[in-house]
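Using the hints, put the two standalone chains together into the complex.
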Amino acid sequence: MRMAREVVLFESLFKSNKWTWLFGWLFHVGLLLVLIRHARYFWPGDLPEIFLLVQPFKYAAFAMVIGLIGLMGRRIAVERIRYISAPSDYLMLILMLVIGISGAVMTFTSNHTDVIMVKQFASGLLTFDWANLPTEVHFLVHIFMVFVLMAIFPISKLLHVPGVFFSPTRNQVDDARKKRHISPWALRQEKEQEVRLNETLGKDE
Amino acid sequence: MADDFEVPKLPTYLEIPKMNEGVMAGDGPFKSVEEFQTPLGFPGAKVDNWQEVAINKMGELKSKYRSVQVFLDACVKCGACTDKCHYFLGSSDPKNMPVARQDLFRSVYRRHFTFAGKYFPKLVGAKELDDAMLDDWYNYFHQCSQCRRCSVFCPYGIDTAEISMAAREVLDAVGIGQKYCNQILGKAITIGNNLGLPEPALRDTLLDLEEEIEEETGVAVKYPLDQKGAEILLITPSADFFAEPHIDGLIGYGKVFHQDGVSWTMSSYASEGANFGMFIGSYDIMRKAALRIRKAALDLEVSRVMVGECGHAWRVAYSFWNTLSGVGAGADISDEHAMKLQNQLDSRYPQPQHIIEYTHDLIQRNKLKFDKSANDDRTVTFHDSCNVARATNMGGIPNGQFILPREVIKAVCNNYVDMERSTIMESTFCCGGGGGLLTDDLMEIRIKGAMPRMQALKEVEKTDAVDTLVAICAICKSQFSKVLPKFDFDPYMIVSAHQLVSEAIIMDKPQTDDSEAEMPIEETITETVE
Ligand code: SF4
Ligand code: SF4
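Protein sequences, first through last, are from chains U and Y.
For the first sequence, the residue numbers in our numbering are 1 to 205.
For the second sequence, the residue numbers in our numbering are 1001 to 1530.
Bound-form chain Y, shown alone (with noise of 0.2 Å):
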């Protein structure tokens, strides 16, 4: 199924398509082998007596998590999230539709661990899990973004999501593991980062970085690494350090920190945002990466920690600190391991913060000031990624997750739209690339999937003159360039919320000592490093 693939042309109206059935079929992702493997602690390779393995797994995820059990129990069948996933919306295999998907995993579930399904399998659809069938998990829940878009539309909210992550946790524990994520996860936990940056290539990457910024506005805006004592630890994705268009946000958030005087740092040893345990749905991994952000914030003895724009590490940091890691507030008083970091924490701010939340709460401070023209040749619409749109919240208002970052876009620029409707907020459809697809082996998936987001956009286009689309999200960044070309768009039209900011900010030239500061927090701040 390699590169023979059509791009899918964008309808005037996303219609549902006729199925076709087998079009996705195929070998899925590149196999991970046993140099990733082994230090996740998974098999090297598919085991031998993978049946056994598997079926026991299975039995564990069902008892451990009342979702996934719920989830495989409910399902009425009644079709009503079949034509919501953008994979199948643009590929057109059934299999791509999300009960048919969780079908794959649940006629084995019905099969083993149901009463119907071990008597009557011909009838209630019940399958065994033989070599065929673990070909098509693998296949297809390497098709699935876990962008949680199906569960909002079925009455019972069974989420696609949690069951993709579940068989992936299955098939790495028989030793089938993706390489992308398990390459990409073992930098994370050895080194600090999904790229493996070590430190001094981070130093010097963002000393560049101050270099640059100062030479083009003559203020000298600090990045921080591994400043001890600073008041924020900011976790943002790595991609923010080096890409195109991600380094651009990085440069926003900078001067945001910069023009409220506030001290903050970034961590060599927690460099990253991303928590690609999420995707491979392990606790274990999940939570060792988030261990490390524990870990950082109590080294540095920071009193906030904050997230920079992305998606799925917004939904951990949101949804999953607080338990992984105790990153966040009411631990239980009797809980040492969380309360050791809560006590330390500062409970006058949302533990952890997004940097959406903190800019935002400058703006409506009045601490910040714009040159809103700046952004006059822009005509700007925003993408909500999947993870912040269904899995988090922003400011503590309901909906503030798609308010926030709108109020904020509007603040630094004259021309908004929005897109469709039903393309965006809870219903938003994925970027396409999410959930440990972004990797060039899936790329046709990957512009298929794309398709839904790439029709509304070219509506806002022509209606519009819609020219730029904000993410905050790095990999609906990432996949946006590599896909936005295919559809006859800029690949250069996808930024970051801070690349706005960013452009449209007025800095003071060097600030010397402001009294007239309400901060909240009154600390001796010890401005940037040395």
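Extracted from the complex, chain U is given alone in its bound form (with noise of 0.2 Å):
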């Protein structure tokens, strides 16, 4: 519960920082609806009805790039969270904000991209099988961006997505009196210490 709502809602981000909260927030959300109405480029096959409810999503390329440059001022601007900034962080920004307004490019503006020929090539990344893509210009900026973006899942502070979900001050459960935590390298340690401690603390029966 307390995790759900905090990876919903981001519940003390919004205790802390009202400003860093709304852009944050609106970042995600624009990022999630955006992220699944692009599941209509990896759907094998004709397109269920379903999908015609996400069409709206689209707007939600806006409030994503609204949020991106907010947080983006705010690491300028606020001496504090400069101070904090490594270079790494400014560029996650860049990377996702061209990704965006590129994104947006294509769908906003006459230059769309031949959405037929994207799918044949997405879903064919699903099996493996490259076909050819379309060459237009902000296209291939998008992609090869997420891909950039892809790579560095693993080495950058994206990890921040998975470890929210493991972070012991928001999942453990609050029963220390109940239930004898204790993990096996302490238990080992204990087993193994036993002795020794006999004989230090005097008879222990």
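If you are wondering where the hints come from, they were derived from the structure by calculation, not from laboratory data.
Facing chain U, from chain Y, some residues (calculated, C-beta under 7 Å):
#, residue
1, S1067
2, V1099
3, A1100
4, A1116
5, G1125
6, S1151
7, G1157
8, G1330
9, A1331
For each residue, glycine too, the CB sits at the ideal point set by N, CA and C.
Rendered as structure tokens:
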């Protein structure tokens, strides 16, 4: 429950800083909706009706971009956050911005890409079957950056995505008095040291 | 950086200060020497190959504690925590912003344990562990009271306290320890308490106390020591044995036990609730201290273990005793070590139990009578101690650790107000002296770090004429006695919760056989010593 509120609403962040929360949440929700909409490119065969419902999600791209710009603005303008930022923090935002903007440009301007072709390519990817790609520059930028993003996922701060689910301060159950939690290394140590502790502490029986 | 610093002024509103780089730079607290290091198993002085030792230690901690690794990896530098630490608010040194504090450790972690940091150190802010960095570690990880306020506000729950503990553990491993903590730990694991009070001294103190109370109230309240077969073993911070305002709390516990008619005892072998092993991050030492309590419980054949008013003691007791020493419940049948003790303990009570839980329960069952007007000269507010507020629970109900102490206080006094909501409960500001910082050589950071709490207190002093501050933590009490006068408060306004209880409680004259007792336990009660 605690975890669900944290992941969906960013509860702790809301408590701490309303602006960061606003921009951060806008960005993540925008991203999520946009990603859902992208599923159409991977769906094998014809699209079921349900995809009409997600059509309006394309406007989420704006939420995402606004969120990103807000976050970037804070990172530059607020002295405390500037202090703690490394170059990679900016680069990551720029990367996301480029992806977001190039995507939005394709969708909302007359630079439409041949979506059918994209779909063939994307579905092909799932089966390791390399199809031809459209060659519009926006699209290439877009997809290239996405690949970069995926490549650095495991070695960058994007690890916060799985991280939030593993955070002990958020996912542990409060039952220490009722249940004995002991990690394997501590248990091993306990057994090994039993003898020595008896010597130092006197009898324990 | 010694004595020539300014005591921060109390602002009307707590503002986020402009950063002042390096104001709190310095050499940190006094370093431990060989005499105190060796007994704990740490090198006596900085070892020659310290870099290697430190990096290996970091590797060990990373694999041992999931928390450390997740916290180091998950931070997105969102900055939400930057204005949450009382030490930053009070000192304006940017390295006291929680994430910047973590980054001292994280940058080294990145350099040695992550792909990006190994190959693109500049890009991700990875740094080498050099002398300057080590000095920064020592200085700034001793400007963190491990209060966990930052973790409440972090979207990933990143707990800087955990990183501070890890950093201090690495420092100890290379032979750089903090004198205050390590000296105290030496006493705690050899003599049994942080003050180094041996059994005869302790016994004398308690006898004096008994005399004093009898003179004052006409009731023979006992403070039993090492009494085999008692029902309750009380583990309380050793400060309770001698200093004001702590001892008034101890007087209160005794009166409550007396009124309940329960048999209880303290132990001279395990006469310390505090466990500084946590502050230096050492599982082994924390365990050694906890095992003394286990042994005392076994030797004295008690069926309940109870903890006095102490913040981090309650965290260690509540969250770790079960793991460390088996004081608790729910161990696996095959787990001999824990079962030996858990079979002896009475499972109808929470094990361990906090003294506030105990008194609260008696109040609920109408076992105690109070004359609330005895505290009418006071207007009281309550300071949530960080370790109680953010690392434990009481009464087994959500937020019980905030509710129970307040209910106890309100049961014994008429005038109670809370401080500003954003400075209490889970967002409480640390007193400024926790986490092993309660030493005179850290007075500057202690005073600066107390500022946010003092500011909130000043507010209620103005609006509600609050003149009494209650805390249930020995460190908070000592710290407040010292810093209150710096901010123009009366140093004696800080009291124990059980001091208020003690003042209002109506004592029966020597009890005869009270048979209407609906106490859950009907054992042959061997009343007090001799
Ligand atoms: S003192 Fe408290 S708020 Fe500050 S960094 Fe340490 S744990 Fe966080
Ligand atoms: S709030 Fe958490 S994630 Fe954000 S900067 Fe602080 S530690 Fe990092």
